[in-house]
Amino acid sequence: MIKKTLVLIAIVGLLMVFWPLMSNFEFSQNLSELASNYVRGSVNELNTQNVVTSVIVTYRGLDTLGEVTVLFLATVGIGFLLGKRKGKKRPASELLQTTSSFLFALIVLFGVYIFTHGHLTPGGGFQGGVVIATAFLLLMLSDVNMKFNHTILQIVESFSGAFYIVIGIVGLVLTIGFLSAEIIPLGEFGKLISAGAIPIIYSFIGLKVGSELTNIIDTMRGE
Amino acid sequence: MIFTLILGFVLLLIGIYGMLSQRNLIKIIIGFSIADTGIHIIIVSIGYLRNRTAPILNSAVDISKAVQQVVDPIPSALVLTAIVIGLAVTALMLSFVVELYKKRKSLSIDDYQELKW
Chain A
0 MIKKTLVLIA IVGLLMVFWP LMSNFEFSQN LSELASNYVR GSVNELNTQN
50 VVTSVIVTYR GLDTLGEVTV LFLATVGIGF LLGKRKGKKR PASELLQTTS
100 SFLFALIVLF GVYIFTHGHL TPGGGFQGGV VIATAFLLLM LSDVNMKFNH
150 TILQIVESFS GAFYIVIGIV GLVLTIGFLS AEIIPLGEFG KLISAGAIPI
200 IYSFIGLKVG SELTNIIDTM RGE
Chain B
0 MIFTLILGFV LLLIGIYGML SQRNLIKIII GFSIADTGIH IIIVSIGYLR
50 NRTAPILNSA VDISKAVQQV VDPIPSALVL TAIVIGLAVT ALMLSFVVEL
100 YKKRKSLSID DYQELKW
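Listed in order, the protein sequences are those of chains A and B.
Per numbering that gives the first Met the number 0, residue 0 is the first one in the first sequence, and the count goes up by one each step.
Per numbering that gives the first Met the number 0, residue 0 is the first one in the second sequence, and the count goes up by one each step.
For the record, the hints were derived by calculation from the structure and aren't laboratory data.
Misleading hints may appear alongside valid ones.
Said to hold, decoys possible - Below, simulated BS3-like cross-link-like pairs (lysine-lysine); rule was C-alpha separation at most 25 Å, straight line:
id, chain 1, residue 1, chain 2, residue 2
1, A, K2, B, K64
2, B, K115, B, K101
3, B, K101, A, K146
4, A, K3, B, K64
5, B, K115, B, K104
6, B, K104, B, K26
7, A, K3, B, K115
8, A, K190, B, K64
9, B, K26, B, K102
10, A, K2, B, K26
11, B, K101, B, K26
12, B, K102, B, K115
13, B, K26, B, K115
To be verified - Some chain A residues near chain B, calculated using beta-carbon distances under 8 Å:
id, residue
14, A9
15, N23
16, S92
Claimed, not checked - Here are the in silico distance ranges between beta carbons for each label pair:
id, chain 1, residue 1, chain 2, residue 2, range
17, B, K115, A, G65, 30 to 36 Å
18, B, S107, A, G176, 51 to 57 Å
19, A, R220, B, S107, 22 to 28 Å
20, A, G176, B, K104, 50 to 56 Å
21, B, A81, A, S35, 21 to 27 Å
22, B, L106, A, K146, 48 to 54 Å
23, A, R39, B, A81, 23 to 29 Å
24, B, M0, A, I10, 21 to 27 Å
25, B, V66, A, S22, 25 to 31 Å
26, B, L106, A, I192, 20 to 26 Å
27, A, G176, B, N57, 38 to 44 Å
Cβ coordinates follow ideal geometry from the N, Cα and C atoms, glycine included.
Go ahead and model the full structure; you've got the sequences and the hints to work with.
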């Protein structure tokens with residue numbers, strides 16, 4: 000009883016902390032200085048249709064590198080905690096097996112489409128990587144005793160991570176800036192081959208996220 | 000939108016209440032996930048501007064007047080980062096729970112009091 004009261008007091012206290020923020024909140028009518036610069040720069044400097052992508056990959060590229068690192072560390076932690084696997088399980092139904100063998104290639108293709116078009120349409124490396132991981136999840140559901148070749152997963156993951164950093168360092172060598180998109184020609188606005196290095200960086204992120212999430216799912220399946 | 004802002008705060012408070020009141024480790028993680036989602040909704044709704052479109056400069060947007068026509072791209076980028084970090088943290092927490100359950104055969108937080116003062 001005392002615990003419940005304390006929890007309620009904490010919630011009411013939080014509400015009182017948030018209330019002044021909420022009651023005085025006014026939606027702004029215009030973009031902030033920084034956001035306007037990002038939108039203008041996305042058109043004039045980077046030739047990128049999707050402004051969110053140009054913020055993530057170029058303007059705040061260092062943060063994205065940190066984000067990918069956090070995801071990598073989580074994968075390593077999960078692999079370290081849940082190493083061993085055991086036990087055989089009941090096989091999946093024929094319906095699921097047939098459907099998943101048919102859908103697997105389509106889902107992977109859709110994931111690749113999402114991360115190669117990250118600079119043009121909503122989407123990008125993280126979303127595309129998650130879609131690819133769901134394709135592998137479907138494969139695992141349809142064949143419960145299937146074994147993945149972890150060497151290939153690790154090679155894909157480490158090489159895409161390494162190339163991501165190499166592209167960043169190329170920008171430093173050419174004195175343009177770390178993780179700059181302008182290390183290769185920017186192309187024509189709105190076309191698939193445009194926005195300089197952004198599609199390449201996002202493809203590497205997509206491959207890295209896809210292989211990492213497949214790794215996480217595969218390790219958790221072993222439990 | 001003010002309603003999505005309120006919805007975000009409500010979700011945040013529900014999540015915090017869940018984390019504080021539940022004894023089951025899995026339910027605490029579910030509470031964390033709900034609070035996480037609430038924060039994402041708050042950030043996205045702060046970046047919303049009335050009568051504007053998504054920050055994707057395709058044919059729906061006049062390129063020369065893009066600054067007057069799109070919503071704030073920065074909260075969207077922040078939330079994209081936050082979702083990925085949230086996913087990684089949730090997966091790591093769940094694997095900690097699996098390991099703890101293997102050691103003590105219990106999911107109740109009352110059985111893990113080593114760090115309680």
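Hint check results:
no., hint, verdict
1, A:K2 - B:K64, "violated (56 Å)"
2, B:K115 - B:K101, "holds (21 Å)"
3, B:K101 - A:K146, "holds (24 Å)"
4, A:K3 - B:K64, "violated (54 Å)"
5, B:K115 - B:K104, "holds (19 Å)"
6, B:K104 - B:K26, "holds (16 Å)"
7, A:K3 - B:K115, "holds (18 Å)"
8, A:K190 - B:K64, "holds (20 Å)"
9, B:K26 - B:K102, "holds (19 Å)"
10, A:K2 - B:K26, "holds (17 Å)"
11, B:K101 - B:K26, "holds (18 Å)"
12, B:K102 - B:K115, "holds (18 Å)"
13, B:K26 - B:K115, "holds (19 Å)"
14, A9, "holds (6 Å)"
15, N23, "violated (12 Å)"
16, S92, "violated (27 Å)"
17, B:K115 - A:G65: 30 to 36 Å, "holds (33 Å)"
18, B:S107 - A:G176: 51 to 57 Å, "holds (52 Å)"
19, A:R220 - B:S107: 22 to 28 Å, "holds (26 Å)"
20, A:G176 - B:K104: 50 to 56 Å, "holds (54 Å)"
21, B:A81 - A:S35: 21 to 27 Å, "holds (23 Å)"
22, B:L106 - A:K146: 48 to 54 Å, "violated (30 Å)"
23, A:R39 - B:A81: 23 to 29 Å, "holds (26 Å)"
24, B:M0 - A:I10: 21 to 27 Å, "holds (24 Å)"
25, B:V66 - A:S22: 25 to 31 Å, "holds (30 Å)"
26, B:L106 - A:I192: 20 to 26 Å, "violated (52 Å)"
27, A:G176 - B:N57: 38 to 44 Å, "violated (27 Å)"
Consistency with the previously given hints fails for numbers 1, 4, 15, 16, 22, 26 and 27, ordered from lowest to highest.
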